[in-house]
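Novice: Taking the hints into account, I'd like the entire structure generated from these sequences.
Chains S and D, in that order, give the protein sequences.
Here the numbering used here = 1-based position in the first sequence + 66.
At position 173 of the second sequence (counting the first as 1) the number is 162 in the numbering used here, and the numbers step up by one without a gap.
These are computed hints drawn from the structure, not numbers from a lab.
Wrong hints could be hidden among the right ones.
Computed far set for chain D versus chain S, every beta-carbon distance over 12 Å [as the list claims (entries may be wrong)]:
#1 E60
#2 T93
#3 P118
No more than 25 Å apart at the CA atoms, straight line, and that leaves these computed lysine to aspartate or glutamate pairs for DMTMM-like [claimed, not checked]:
#4 K78(D) x E180(S)
#5 K121(D) x E71(D)
#6 K223(S) x D(-6)(D)
We put the beta carbon where it would ideally sit given N, CA and C, even for glycine.
Single-letter residue listing:
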Amino acid sequence: MYRAQRLGLKYLAASTVIFGAMIIFGLLASIYYVRPGFLLNTFNFSTAKIVHINGLVIWLLMGFIGAIYWFLPQEFEREVVGIGLAEVLFWVLCASVAVVIAVFIFVQYGAANEWSMWFINQGRKYVEAPRWAAIVISVTAGVFAYNVIATCVAARKATGVVTVLIADLVPLVVLYLDAFPEISNMSQDLFWWWWLVHLWVEATWEVLIGCIMAWTLMHLVGASRRVVESWLYVEVALVLGTGILGLGHHYFWIGTPRYWFAIGGFFSALEPLPLLGMIVHAVYDAGERHLQAANRPAFYWTLAEAFGNFLGGGVWGFMMTLPQINLYSHGTQWTASHGHFAFWGAYGCGVISVLYLAIAQSRGNQRLDGAAWKWSFAMLNVGMVGMTGALLVAGIDQAFYERAIGGSTWNAYLSMQGRPWFNESMWARLLFGLMFACGFAVLAYDLITIPKRQQADAVEEATAAAGS
Amino acid sequence: MYTQDVYFWRAGAIATVVFMCVVLAALTIDTLRQISPGGARVPSYDVINSAVTYQYDTSRGEYLPKIGGEELIFGHRYTEDEASTLIAKGKLVIQSRACIDCHTFFGNGGYYAPDLTRAWMDPVWAISPGPKRAERLAKFLTNPLRLGARPMPNLKIRRDEAEAVVAYLKWLSSVDSNGFPDRFGAPGAN
Ligand code: HEM
Ligand code: HEM
Ligand SMILES: [Fe+2]
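Specialist: What follows is the structure in structure tokens.
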């Protein structure tokens, strides 16, 4: 095994720990909706949510980085250049994440000064982490991009997947610089903030997961490189061709000009097309193999990624992407419904599939099958779909009653709190969230016990062989 | 067939991406011009010296902020510079307390608490005239009162910080956001 692969496994393990932590804080955040006044002034809703969504970003980023450290040396059949530096930065990053979470939990927020921005909380959604930590993340991401590029140069060859990957990593890292500024004008602040949020999740991350899934399909079901790479280019053209100007669906109401209605509405309405294409591709590859693969968990999680990406991102996003609907759905639990389903489908499932693939490959492609992964697969996905459904009901209720009829005032907001559909949905979300958390526990159990089970398998086989 | 050739698809991808980036760059330049303070859609910060209301505009078919005559807050007429400093401070208070993780601004943020885009003219506050309204809002921020089941925490906002936030919310409510939120404070709405 290459050193880069060992580092990849460490990244994947750390990302799974953060996944667990973000689930706990998600559950916590959902309690405030059913128990108003819960921990008021001690540990506010905002704090729980900040840890939840910052954890989300770090979980997935570390998962992607781990996946690429895993595949890259195999692609080039050589060690990754600059791996020593990357190993050091891994520990720096882990320590920084721990410190940031501790500061969020114990300090929570600061006074209105630069010190707070640098060391406590920047108060911009998804990128609340203080600036010093954002610097650590930038440096880690920068070194990671350097690892990929330098390895490609040293190997004197560039495969299609790596070409796309490199072209994608540069804007991905540059866009993250958006995590630093403090702009007084809310319109301009949000204008740039969406470059980070939208152009990450609906452009650069989508291409990145495309690369990772391309590798996964080649390793998992032996898909042909020519087909996978041609398809990857088509996907890039479609994702970025619709996603870059699709950015406009966030520019309807933040003070930006009216032309974004037409541009944002039109291009974002086309965004589901490439996601549908990815399903066709995955199902085609799966059908060719009659739904059989040596590594069944990785294979099923890959399919879940394809469907989840299309349903959560494409269909749920499409529902509210036209301005005529978005005027009322905007900023409600409907948005949260889409946010959860899309992040889970497009990225969460993808990282889990690489997790199983990497574990299997690291142990000589041994059998991973068993009951546990099926239970966790079912509980995680049913839990997520349940939460998504509950949030959709709550969101539609809000869109009609708080936004359209109520006019979004404080009173309209207050009247929502008395609406049974809304409150029942908040309970349902919590219950499905618990199911999701159980699914995670089983997933963790499955991953941790794979080595033990494989040893037991090996002993059994050896005794069976000796007996016959 | 050329479609069998990976490079054909690569060329197509590059061309598409470059084209879209160029269009986005051009639109960005125009948009930033329009949304800078004093631009076509975002009033300059000294709008905090004027009355702001939200009215239905028949030609555009949506609610829009309307800027009226002088209406001072905290008994002070702010110069352009003073207003900018105050707004910058207000934004820093908003970021330091992470208001956006509970509330939404222009509909972006947290869904736990009411949208603040037009909070300045919320009917709860708007029953008072401008100067008194600013006072009540500032008091609320330093020591939140509780209207519904879901309370706002006390975020240790000092009096001077609260005044900056009130100025911020007043300026925010004057931005042309294409009719969002619809029917805010309309007769017959809540
Ligand atoms: C798979 C990739 C996607 C992910 C991970 C994703 C994630 C998200 C998240 C987290 C938000 C909430 C942002 C916030 O305000 O904090 C959001 C908003 C939104 N997304 Fe997506 N999304 C994806 C794809 C799409 C697609 C393909 C469409 C359109 C077809 C779409 C349409 C929208 C719209 C219209 C909003 C704004 C909601 C509002 O007005 O409040 N998304 N997305
Ligand atoms: C036990 C499971 C989970 C629970 C109970 C939960 C709960 C929550 C809550 C209460 C919020 C705050 C929304 C608000 O402002 O009202 C939130 C935000 C969010 N969570 Fe989760 N979450 C869970 C798992 C996840 C997972 C697995 C993902 C991603 C894969 C995720 C992604 C997000 C995102 C993107 C947001 C911001 C959405 C937005 O503001 O539009 N959550 N979550
Ligand atoms: Fe978007």
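Novice: State for each hint whether it applies.
Specialist: Outcome of the hint check:
1. E60: Holds: least Cβ distance 21 Å, greater than 12 Å.
2. T93: Check fails; 4 Å does not lie beyond 12 Å.
3. P118: holds (18 Å)
4. K78(D) x E180(S): Since the Cα atoms of K78(D) and E180(S) sit roughly 11 Å apart, the hinted pair holds (cutoff 25 Å).
5. K121(D) x E71(D): holds (21 Å)
6. K223(S) x D(-6)(D): holds (18 Å)
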